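Since chain A is already given, all that's left is putting chain B on it; use the hints.
2 protein chains.
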Amino acid sequence: MAPPTETLTAERILEATEEVLRRHGPAKATVVDVARALGVSHGSVYRHFRTKAALREAVTKRWLDRTAERLAGIVVADGTPEERLRAWLAALFEAKRHKAGDDPELFATYTVLTDEVGTVVGEHIADLTAQLTRIIADGAGSGTFAVPDPAAAARAVFQATGRFHDPCYAREWTTPGVDEEFTAVVDLLVRGLSSRSR
Amino acid sequence: MAPPTETLTAERILEATEEVLRRHGPAKATVVDVARALGVSHGSVYRHFRTKAALREAVTKRWLDRTAERLAGIVVADGTPEERLRAWLAALFEAKRHKAGDDPELFATYTVLTDEVGTVVGEHIADLTAQLTRIIADGAGSGTFAVPDPAAAARAVFQATGRFHDPCYAREWTTPGVDEEFTAVVDLLVRGLSSRSR
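As given, the protein sequences belong to chains A and B, one line each in that order.
Counting from 6, one number per residue, gives the positions in the first sequence under this note's numbering.
Counting from 6, one number per residue, gives the positions in the second sequence under this note's numbering.
The shape of chain A in the complex, shown without the other chains (with noise of 0.2 Å):
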């Protein structure tokens, strides 16, 4: 229990209430397993999040953030378009596959929460495809990539690789050959974007 001095922060709660989760489950975890991990009244763990609903829609969005995050440095980083592309793409996999392999339970309860908390999915999804769109839009710009539409290509990309990052595929992350399938995958996409004839 963390001392009550402590001044009770939106993120204290947050943190709090992912280790609930991975504690009691997404069934079970309650507002009131929250404050009492922090050693506070429930009404004040409601004065920063006005329902149970909303905490929750706040730890999964924290929870997809962190993913977001790591992936936006790769879209400014050096290195051409291609290369950005493919180390993005490998960086979101590796995200879920450790995610999904380090603390399986936890995993587990975010799927349920995410299936719950469909507009923070959608946000998430827009986020990282926009990622991708400035990434694409580069190639186009520098003439890599022959799309005229980097938003719809963007797209297109992210959806024709969801088996590799797709929580609905965790259980195929950790077969033998994933590695290859996924670099298959992305070639053919490279390959794709680039082709400058038809």
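Any given hint might turn out to be false.
Copies of the same chain look alike in the list, so a pair counts if it works inside one copy or between any two.
In the SDA-like style, the derived pairs of lysine to any residue whose C-alpha atoms are separated by at most 25 Å in a straight line are [what the hints assert, rightly or not]:
id	residue 1	residue 2
1	Lys66	Thr180
2	Lys66	Thr14
3	Lys101	Glu177
4	Lys57	Pro109
5	Lys66	Thr134
6	Lys66	Cys173
7	Lys104	Pro172
8	Lys104	His129
9	Lys101	Arg176
10	Lys33	Arg67
11	Lys66	Gly48
12	Lys101	Gly123
13	Lys101	Cys173
14	Lys104	Gly167
15	Lys104	Leu19
16	Lys104	Thr35
17	Lys57	Ala113
18	Lys66	Val36
19	Lys101	Glu62
Just so you know, the hints here were simulated from the structure itself, not pulled from any lab data.
Every value quoted in this text rests on a predicted model; they were computed, and no experiment measured them.
The following block gives chain B in isolation, referenced to the frame of chain A:
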């Protein structure tokens, strides 16, 4: 109830099993229910399928094979490899979408069953990928596709189009714009296969 004088074939048992699964769901359907629907003893059913698991496997295989059989015609149809590839992927999407939309309960039932019978699903995917390989190999042979390993390319195409045939995406198959998304992904993959120079 069917007249018990009719010969009890494996096919009749599987038809009855599908009907029982549709009515009772995968958790509750029993061999006794199947026997009752056919007006025979459960021993007669066990003479064709030695265990309940074997029966569930066979009925799932039959369901999956129906899709594979519909697609097999496209592999050997007239048309360029690109035309057949596009037609095949579109037919797979349509077949799955119809299964999900026309009879959602039965689709949900089979989604549970396919989770149980990994081997049957693996064979189904191998079967579909072999069909795709034939089309892509035709394209490689005629010079339409620049693909050193048609089987690997077929796996990549199958996996990259998972959003449009994997049951875990069934909820997305009726969202507005999904047909445009399908076309964008397929266009990108066809360009990737067709790419001549790198």
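Hint check results:
no. : hint               : verdict
1   : Lys66 with Thr180  : between (29 Å within a copy, 23 Å between copies)
2   : Lys66 with Thr14   : within (16 Å within a copy, 55 Å between copies)
3   : Lys101 with Glu177 : both (12 Å within a copy, 21 Å between copies)
4   : Lys57 with Pro109  : within (23 Å within a copy, 32 Å between copies)
5   : Lys66 with Thr134  : within (16 Å within a copy, 37 Å between copies)
6   : Lys66 with Cys173  : both (18 Å within a copy, 22 Å between copies)
7   : Lys104 with Pro172 : both (10 Å within a copy, 23 Å between copies)
8   : Lys104 with His129 : within (16 Å within a copy, 30 Å between copies)
9   : Lys101 with Arg176 : both (12 Å within a copy, 22 Å between copies)
10  : Lys33 with Arg67   : within (20 Å within a copy, 40 Å between copies)
11  : Lys66 with Gly48   : within (22 Å within a copy, 55 Å between copies)
12  : Lys101 with Gly123 : both (18 Å within a copy, 23 Å between copies)
13  : Lys101 with Cys173 : both (11 Å within a copy, 17 Å between copies)
14  : Lys104 with Gly167 : both (16 Å within a copy, 22 Å between copies)
15  : Lys104 with Leu19  : within (18 Å within a copy, 41 Å between copies)
16  : Lys104 with Thr35  : within (23 Å within a copy, 39 Å between copies)
17  : Lys57 with Ala113  : within (19 Å within a copy, 30 Å between copies)
18  : Lys66 with Val36   : within (17 Å within a copy, 46 Å between copies)
19  : Lys101 with Glu62  : within (19 Å within a copy, 32 Å between copies)
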